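Peer 1: Same order as they appear, the protein sequences are chains U and X.
Per my numbering, residue 1 is the first one in the first sequence, and the count goes up by one each step.
Per my numbering, residue 1 is the first one in the second sequence, and the count goes up by one each step.
Keep in mind that the hints were calculated from the coordinates and are not lab data.
Treat the numbers as computed from the prediction; the structure is a model and nothing was measured.
Do not rely on the hints blindly, as some may be mistaken.
What the hints assert, rightly or not - DSBU-like cross-link-like pairs, simulated, lysine-lysine; straight-line CA separation at most 30 Å:
| id | chain 1 | residue 1 | chain 2 | residue 2 |
| --- | --- | --- | --- | --- |
| 1 | X | K284 | U | K284 |
| 2 | X | K222 | U | K112 |
| 3 | X | K222 | U | K222 |
As the list claims (entries may be wrong) - Among the chain U residues that face chain X by a calculated CB cut under 10 Å, a handful are:
| id | residue |
| --- | --- |
| 4 | L93 |
| 5 | L94 |
| 6 | Q115 |
| 7 | T219 |
| 8 | Q244 |
| 9 | T291 |
| 10 | D295 |
| 11 | R297 |
| 12 | A300 |
| 13 | L301 |
| 14 | F302 |
| 15 | E362 |
| 16 | S373 |
| 17 | K394 |
| 18 | G421 |
To be verified - Some chain X residues near chain U, calculated using beta-carbon distances under 7 Å:
| id | residue |
| --- | --- |
| 19 | A87 |
| 20 | Q90 |
| 21 | F120 |
Every residue gets a Cβ at the ideal spot worked out from N, C-alpha and C, and that includes glycine.
Number of protein chains: 2
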Amino acid sequence: MQPATDSVLITPTLEAARDAALVLAATPTRRKNQALEAVAASLRTSVAEILEANALDLAAGEANGLSTGMLDRLSLDLARIDALADAVLQIALLTDPVGVVVRGSSLPNGVKISQVRVPFGVVGVIYEARPNVTVDIAAIALKSGNAVVLRGGSAAENTNRVLVRLLQAAVDGVGLPAASVQTIDPFGRSGATELMQARGYVDVLIPRGSAGLIQAVVTQSKVPVIETGAGVVHIFLDESAIEQMAVDIVHNSKVQRPSVCNALETLLVHEAAADRLLPAVLAKLAASGVTIHGDDRVRALFPAAVPATDEDWGTEYMSLEVAVAVVDSLDDAIRHIRRYSTGHTESIITNDLVNAERFLAEVDSAAVMVNASTRFADGGEFGFGAEVGISTQKLHARGPMGLPELTSTKWIVRGSGQVRG
Amino acid sequence: MQPATDSVLITPTLEAARDAALVLAATPTRRKNQALEAVAASLRTSVAEILEANALDLAAGEANGLSTGMLDRLSLDLARIDALADAVLQIALLTDPVGVVVRGSSLPNGVKISQVRVPFGVVGVIYEARPNVTVDIAAIALKSGNAVVLRGGSAAENTNRVLVRLLQAAVDGVGLPAASVQTIDPFGRSGATELMQARGYVDVLIPRGSAGLIQAVVTQSKVPVIETGAGVVHIFLDESAIEQMAVDIVHNSKVQRPSVCNALETLLVHEAAADRLLPAVLAKLAASGVTIHGDDRVRALFPAAVPATDEDWGTEYMSLEVAVAVVDSLDDAIRHIRRYSTGHTESIITNDLVNAERFLAEVDSAAVMVNASTRFADGGEFGFGAEVGISTQKLHARGPMGLPELTSTKWIVRGSGQVRG
Numbered sequence: 001m002q003p004a005t006d007s008v009l010i011t012p013t014l015e016a017a018r019d020a021a022l023v024l025a026a027t028p029t030r031r032k033n034q035a036l037e038a039v040a041a042s043l044r045t046s047v048a049e050i051l052e053a054n055a056l057d058l059a060a061g062e063a064n065g066l067s068t069g070m071l072d073r074l075s076l077d078l079a080r081i082d083a084l085a086d087a088v089l090q091i092a093l094l095t096d097p098v099g100v101v102v103r104g105s106s107l108p109n110g111v112k113i114s115q116v117r118v119p120f121g122v123v124g125v126i127y128e129a130r131p132n133v134t135v136d137i138a139a140i141a142l143k144s145g146n147a148v149v150l151r152g153g154s155a156a157e158n159t160n161r162v163l164v165r166l167l168q169a170a171v172d173g174v175g176l177p178a179a180s181v182q183t184i185d186p187f188g189r190s191g192a193t194e195l196m197q198a199r200g201y202v203d204v205l206i207p208r209g210s211a212g213l214i215q216a217v218v219t220q221s222k223v224p225v226i227e228t229g230a231g232v233v234h235i236f237l238d239e240s241a242i243e244q245m246a247v248d249i250v251h252n253s254k255v256q257r258p259s260v261c262n263a264l265e266t267l268l269v270h271e272a273a274a275d276r277l278l279p280a281v282l283a284k285l286a287a288s289g290v291t292i293h294g295d296d297r298v299r300a301l302f303p304a305a306v307p308a309t310d311e312d313w314g315t316e317y318m319s320l321e322v323a324v325a326v327v328d329s330l331d332d333a334i335r336h337i338r339r340y341s342t343g344h345t346e347s348i349i350t351n352d353l354v355n356a357e358r359f360l361a362e363v364d365s366a367a368v369m370v371n372a373s374t375r376f377a378d379g380g381e382f383g384f385g386a387e388v389g390i391s392t393q394k395l396h397a398r399g400p401m402g403l404p405e406l407t408s409t410k411w412i413v414r415g416s417g418q419v420r421g
Numbered sequence: 001m002q003p004a005t006d007s008v009l010i011t012p013t014l015e016a017a018r019d020a021a022l023v024l025a026a027t028p029t030r031r032k033n034q035a036l037e038a039v040a041a042s043l044r045t046s047v048a049e050i051l052e053a054n055a056l057d058l059a060a061g062e063a064n065g066l067s068t069g070m071l072d073r074l075s076l077d078l079a080r081i082d083a084l085a086d087a088v089l090q091i092a093l094l095t096d097p098v099g100v101v102v103r104g105s106s107l108p109n110g111v112k113i114s115q116v117r118v119p120f121g122v123v124g125v126i127y128e129a130r131p132n133v134t135v136d137i138a139a140i141a142l143k144s145g146n147a148v149v150l151r152g153g154s155a156a157e158n159t160n161r162v163l164v165r166l167l168q169a170a171v172d173g174v175g176l177p178a179a180s181v182q183t184i185d186p187f188g189r190s191g192a193t194e195l196m197q198a199r200g201y202v203d204v205l206i207p208r209g210s211a212g213l214i215q216a217v218v219t220q221s222k223v224p225v226i227e228t229g230a231g232v233v234h235i236f237l238d239e240s241a242i243e244q245m246a247v248d249i250v251h252n253s254k255v256q257r258p259s260v261c262n263a264l265e266t267l268l269v270h271e272a273a274a275d276r277l278l279p280a281v282l283a284k285l286a287a288s289g290v291t292i293h294g295d296d297r298v299r300a301l302f303p304a305a306v307p308a309t310d311e312d313w314g315t316e317y318m319s320l321e322v323a324v325a326v327v328d329s330l331d332d333a334i335r336h337i338r339r340y341s342t343g344h345t346e347s348i349i350t351n352d353l354v355n356a357e358r359f360l361a362e363v364d365s366a367a368v369m370v371n372a373s374t375r376f377a378d379g380g381e382f383g384f385g386a387e388v389g390i391s392t393q394k395l396h397a398r399g400p401m402g403l404p405e406l407t408s409t410k411w412i413v414r415g416s417g418q419v420r421g
């Protein structure tokens, strides 16, 4: 396939990735696992070098006024590096998706067809200043037989440079191409722009990070994109919701880890249950330091709530804040969700079977739940093992993505001279 | 989900489509089949009206100097309308993909998860002047529970207007929203441009037509696209190929229907077999009126060949022409294919098991074949029933697409109060 791109800066990188991808596609599972084991070992023996580079990034970040949250995401320490190495070994234990036969049959004329999982080829990843993503996504790509071209945030440049060098050395050490893992960070923004244009070189592009980053990639890329991310997640407390369940699930969904995409952002309550449920549900949130943005009916029941503005609906706080509204019916709840949800995850708390089934059928999100915490919408919880991200698009993958979602398929057709009549 | 689009002209159409999609998603199979039966009946009783509109398009096409091929694709007659109605009834007989459980499990904490097929929602289709596509794709969309927004070629405007009106009346007649099938032809090019920007309204966009059309959509669209189409299809005659098999498969692949994407465009021959195979293979092609574009080694063996130029490699003739080259080895054949193929379909004719397996593994196309005609890369031949197109991208669908490829999935999560620890 002839690449259709005007790339100049990153063309040698992309060509090397394509060549590496050919080798990786034919590499048996055992060899890929050896590479992952070498990566984990190398991370553990290179802690000093990694932390030295990370200290440079942190110092620059502080000088540039990065927020505490961003500095935290940027920062590595011994425990975090150890956890990263463990995660890489976990990926080595997962089933290799490549070569799995999805389906197949014998045609009436004797031709045998089978659809088999194959790597995408070259996976591009554009992400922000989280150096753990560098190792994570490279390990996932390797296991699924893909070469990976990374574009990390400039704030993590020093750390990523060291990590990519370690990854390349480990891969090379087991006889696989070093170009299986490459970074285009040295080419800055121009490199990222070229990556988004590189049809024919890059088979799929995955943005990981803020809603702004994802929107930029999704709208600018000419390469097929898997959109991950933004979660304006809703819970609806139906008229028949059991109080303790409502209290516990809402609290867990909001508070257990507020900075992630499957955390609760908007709580809706049936007007016939608001009196009964809201005081206890909101009191428990408030006791954990959650700011409640409530509409008028919510504030009448829970005066500590601050007034919700139109902007609160549809806001992904990713912090200890929640928007709360009273709605007149299940229909109103579904309508509200349809209008403001990003299609990530929504849950209904109810004891009414008909309403539960209606919610599951009519809410069009990647994960729809009954009587469960929204925090379960997660590859790890679903048993996928690896954290590729959570797709909020409908094409190719929807919801938590495991290793198979980083593969394509091809049709293998075996004949004995058949022609079409 | 809030649409991110600057659409103005087609916004009412898209909003109506979105509302219709909600109804269709919850419509049982039987009702969708009734709609399809009504469409088929309406086509048969409206032949006069359809042909009258088609005559207007044909007259305008002739006045505008459309080629014979284009006029043929534009033209309907009684037999073609009858075949269209039959095809719609065939689609009614296919298994409904919506609601199929793809996989599921019980998590250790008792939460039950299942991944279920759901319609995309709103499918956009941009195509050229083939009125049969209007009916075909509308029927496929209906069966898979999707609303469809059509943008046909202006050359078929009158025919499409009548067809869409018939489709809408038939759908409405069984109590489904008429807006399940809509056209934006009245908005011309601006409508098509808006359709490609309509993120949040349109869930997937499928271009059908020439390579130029497909490239334009793929590079301009901000909506996720399934790329179908262009096939620079190769056959490699390996050293051990059985002569009669080579002659028959090459002839069938090129001649049986030269204007389609799975027809042979480039023939490669191992140099050690060129003397033995080429004269008979090319003589049979030439006897069917095929023009042979040969390299020097081909012309030495078959003087009637015209000299191939660099442009011939990579050309999708879609006519009775073929490019032919002698290569030194299987490796050279694979290299040539890697460089010039569009990743649609390639076949090796061989009696050597190792070479067959290498070709299947190393050629990265949607369909890779051993000893079979490339014409088998087809949804009908694969037993899918409906002709949605053949995807040449790796995301979501690859190769012939059936009804399930017009669906997404969602995760249904059923708990009994579980929270994440």
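Peer 1: Now look at each hint and say whether the structure bears it out.
Peer 2: These are the hints, each one checked on the structure:
1. K284/X x K284/U: The hint is violated at about 82 Å.
2. K222/X x K112/U: Distance ~38 Å between K222/X and K112/U Cα, so the pair is violated.
3. K222/X x K222/U: The hint holds at about 9 Å.
4. L93: 17 Å, violated
5. L94: Constraint on L94/U not satisfied, violated at 16 Å.
6. Q115: 8 Å, holds
7. T219: This hint holds: T219/U lies near chain X, its Cβ roughly 5 Å from the closest one there, short of 10 Å.
8. Q244: 8 Å, holds
9. T291: Nearest chain X Cβ about 21 Å off; hint violated.
10. D295: At 19 Å from the nearest chain X Cβ, D295/U fails the 10 Å test, so the hint is violated.
11. R297: Interface hint status for R297/U: violated (24 Å vs cutoff 10 Å).
12. A300: 28 Å, violated
13. L301: Where the cut-off is 10 Å and the nearest Cβ of chain X is about 23 Å from L301/U, the hint is violated.
14. F302: 22 Å, violated
15. E362: 7 Å, holds
16. S373: 4 Å, holds
17. K394: With Cβ-Cβ at 4 Å, under 10 Å, it holds.
18. G421: Nearest chain X Cβ about 8 Å off; hint holds.
19. A87: 19 Å, violated
20. Q90: 17 Å, violated
21. F120: 5 Å, holds
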